[in-house]
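Novice: Knowing the structure of chain A, use the given hints to seat chain B on it.
Number of protein chains: 2
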Amino acid sequence: MATMDDIARELGITKGTVSKALSGAEDVSETTRKAVVEKAVELGYSRISRTQERPRLALFILNMSYDKPDDFGYDMVVGFRKMAEPAGYEVVIVPLTTQMQLETQYDEFMLRENFRGAFFLGMTLTDPWMKLFETCRTPTVLYDNHVPGNPNVAYVAADNTEGMCLAVAHLKSLGHKRIGYLSSALGSYVYRQRYAAFFQALRENGMDDRQTLAGSALQTPVCLQSHLPRLIKEGCTAIMCSHDLLASSLMLHCWELGLHVPQDISVVGYDDIPMASYTSPKLTTVRQNRTELGKSGFYALKSLMDGVPISTFLLHPQLIERDSTAPAPDKPAKLPELEDAAGSAAAAKP
Amino acid sequence: MATMDDIARELGITKGTVSKALSGAEDVSETTRKAVVEKAVELGYSRISRTQERPRLALFILNMSYDKPDDFGYDMVVGFRKMAEPAGYEVVIVPLTTQMQLETQYDEFMLRENFRGAFFLGMTLTDPWMKLFETCRTPTVLYDNHVPGNPNVAYVAADNTEGMCLAVAHLKSLGHKRIGYLSSALGSYVYRQRYAAFFQALRENGMDDRQTLAGSALQTPVCLQSHLPRLIKEGCTAIMCSHDLLASSLMLHCWELGLHVPQDISVVGYDDIPMASYTSPKLTTVRQNRTELGKSGFYALKSLMDGVPISTFLLHPQLIERDSTAPAPDKPAKLPELEDAAGSAAAAKP
Numbered sequence: 000m001a002t003m004d005d006i007a008r009e010l011g012i013t014k015g016t017v018s019k020a021l022s023g024a025e026d027v028s029e030t031t032r033k034a035v036v037e038k039a040v041e042l043g044y045s046r047i048s049r050t051q052e053r054p055r056l057a058l059f060i061l062n063m064s065y066d067k068p069d070d071f072g073y074d075m076v077v078g079f080r081k082m083a084e085p086a087g088y089e090v091v092i093v094p095l096t097t098q099m100q101l102e103t104q105y106d107e108f109m110l111r112e113n114f115r116g117a118f119f120l121g122m123t124l125t126d127p128w129m130k131l132f133e134t135c136r137t138p139t140v141l142y143d144n145h146v147p148g149n150p151n152v153a154y155v156a157a158d159n160t161e162g163m164c165l166a167v168a169h170l171k172s173l174g175h176k177r178i179g180y181l182s183s184a185l186g187s188y189v190y191r192q193r194y195a196a197f198f199q200a201l202r203e204n205g206m207d208d209r210q211t212l213a214g215s216a217l218q219t220p221v222c223l224q225s226h227l228p229r230l231i232k233e234g235c236t237a238i239m240c241s242h243d244l245l246a247s248s249l250m251l252h253c254w255e256l257g258l259h260v261p262q263d264i265s266v267v268g269y270d271d272i273p274m275a276s277y278t279s280p281k282l283t284t285v286r287q288n289r290t291e292l293g294k295s296g297f298y299a300l301k302s303l304m305d306g307v308p309i310s311t312f313l314l315h316p317q318l319i320e321r322d323s324t325a326p327a328p329d330k331p332a333k334l335p336e337l338e339d340a341a342g343s344a345a346a347a348k349p
Numbered sequence: 000m001a002t003m004d005d006i007a008r009e010l011g012i013t014k015g016t017v018s019k020a021l022s023g024a025e026d027v028s029e030t031t032r033k034a035v036v037e038k039a040v041e042l043g044y045s046r047i048s049r050t051q052e053r054p055r056l057a058l059f060i061l062n063m064s065y066d067k068p069d070d071f072g073y074d075m076v077v078g079f080r081k082m083a084e085p086a087g088y089e090v091v092i093v094p095l096t097t098q099m100q101l102e103t104q105y106d107e108f109m110l111r112e113n114f115r116g117a118f119f120l121g122m123t124l125t126d127p128w129m130k131l132f133e134t135c136r137t138p139t140v141l142y143d144n145h146v147p148g149n150p151n152v153a154y155v156a157a158d159n160t161e162g163m164c165l166a167v168a169h170l171k172s173l174g175h176k177r178i179g180y181l182s183s184a185l186g187s188y189v190y191r192q193r194y195a196a197f198f199q200a201l202r203e204n205g206m207d208d209r210q211t212l213a214g215s216a217l218q219t220p221v222c223l224q225s226h227l228p229r230l231i232k233e234g235c236t237a238i239m240c241s242h243d244l245l246a247s248s249l250m251l252h253c254w255e256l257g258l259h260v261p262q263d264i265s266v267v268g269y270d271d272i273p274m275a276s277y278t279s280p281k282l283t284t285v286r287q288n289r290t291e292l293g294k295s296g297f298y299a300l301k302s303l304m305d306g307v308p309i310s311t312f313l314l315h316p317q318l319i320e321r322d323s324t325a326p327a328p329d330k331p332a333k334l335p336e337l338e339d340a341a342g343s344a345a346a347a348k349p
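From first to last, the protein sequence lines are chains A and B. Reading the first sequence from the start, the letters are residues 0 to 349 in numbering that gives the first Met the number 0. Reading the second sequence from the start, the letters are residues 0 to 349 in numbering that gives the first Met the number 0.
Hints are computed from structural coordinates only; laboratory data are not their basis. The reader is advised that the hints may include incorrect statements.
Per label pair, the in silico range of CB-to-CB distance [what the hints assert, rightly or not]:
| no. | chain 1 | residue 1 | chain 2 | residue 2 | range |
| --- | --- | --- | --- | --- | --- |
| 1 | A | T125 | B | Q199 | 20 to 30 Å |
| 2 | A | V93 | B | E102 | 53 to 63 Å |
| 3 | A | K176 | B | L101 | 35 to 45 Å |
| 4 | A | A86 | B | P220 | 52 to 62 Å |
| 5 | A | D207 | B | T211 | 29 to 39 Å |
| 6 | A | S28 | B | Q224 | 56 to 66 Å |
| 7 | A | P68 | B | D4 | 33 to 43 Å |
Built from N, CA and C at the ideal position, the CB exists for glycine as well.
Here chain A stands alone, though its shape is the one from the complex (with noise of 0.2 Å):
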């Protein structure tokens, strides 16, 4: 382990600059701290080690909930503690804002607070740290988020590119022709993925895979006011979403309309969250196993941890049917409005 004089020595500077540097004093130039705190991370340099506390992984999460076990993340969270802990860390879960990223660089963040590694879950491609892991030395694993060439960082994930194609696959064998896709704004790495795997399973069952199907925004409502009436109108017989909830919504959404599921249009979601046991149909949907997700992600960081350069560490999903899924109708769903936005349209006509 590491101690304050191998850092000052490495960086031929006093011992006293280093404690002032990892302390935060202020007068220290900016230059001399990131210099100490890549050189202390680098060399694994540990408050703990002068202690009797257990070495402490930080679990951040944002934008997922984990209280209580019906929520996402709360299976991720048992995982990995399940694994973690019996190997004699203490687990500290870190709730993530943007504010704390703007305030503090990672590496020193991670040094000060004494942590060892950690495992992200919910990150967005805008979140300002995102940028510092391509970099950063302190091991970390990221769930759904791909940050390539640093062998410091891990990326875990159940295959979304082979969820997606089960899920295609499985709507061709009810015999749909045209699927559309329905998603949360492409801000996230995950989302981004699944949209491309989407049409990539289309091609590669054959199918029509017009960028028209696709639709996404922020808010549900936007999203499924703004596209589900243009997919209908293409002849899509089946919805694929891009997670539970939004297909939970659009099930709403179609009962509002007066289109019966599975009957008129099928609907598939993604993750197997525990709601989706309990949706009326019951979701068909892409299972993500969360538990194995978080004892995979401490997996990868011990590996990391020990030296051993873990890049990718995905499981494989599992297409779990029921009732949201039906053999396609003989005709495409015509909805009310747009019977009668058709109807005054020809109207109008000359």
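Specialist: Coordinates of chain B only, in the frame set by chain A:
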């Protein structure tokens, strides 16, 4: 642990029929035999449960040497055994032939030979068993071959996409503007993936990505003779190779042609096999950590055997900068033959 009775009960047949089917007796129909084998594998039946032997794992190897420390496969085998044997497994190396694959069905072979799972090194896309991996029941890990969609099969490798990015970025930083690519035949998953990754890396670096910048052939001399003159003529100042042996032959061939590596042309290999440090000049290459790949192979296999559906397990590769790369020359090199050819072409003009 399932017994023959369990298999018989599940299939509604007699234990005698199960026994005959498992021992390959001729008076059992092919359909019954297949059903028995599939059920046996599904239930985890193994003769071993009734003996004192250690559970057996198969390490299949083809198209790859592994006997001596200098062989590509050596460290992978060592890494795999280092993890598997202390965990109580017997590792049996099985040199695999096309004949063996044609003569016996994979799951059946594994059951007959009492293997619990397998790690495969060196399969090509045309190997007969590759098709069986799409539906096999036996826990199976493939090095550098990706068969998606089967929860019993995992893919282990060093990230080839990242490796190509490292190599191309290195050459770009040395001022090379046009890079050629030479590859072994594209009959294996890994060479196809590296080929695609090379062009992806060119695009990501904003470089010329014409398909004519690549050439491949099964035989190294054919590859060099058919493609090198063309790449030089295209103005390439650097050549990326699909693997180190090809890069090493390329450097010898350049020397024969009077081209100096790296002054006239830079050369980058892939794999960092032991001989890469002993070429003249020493080869710049992309390293795969073969010992860790072997260990990862066991980890993935153990996970599959424990019911964790690992899909993909990739390690970060590493660029090893040695002496075969240098800043790009002011002008692309010219081959004497090409100048002659150009000369005679000019002379032949009317």
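Novice: Going back to the hint list, which numbers does this structure go against?
Specialist: none
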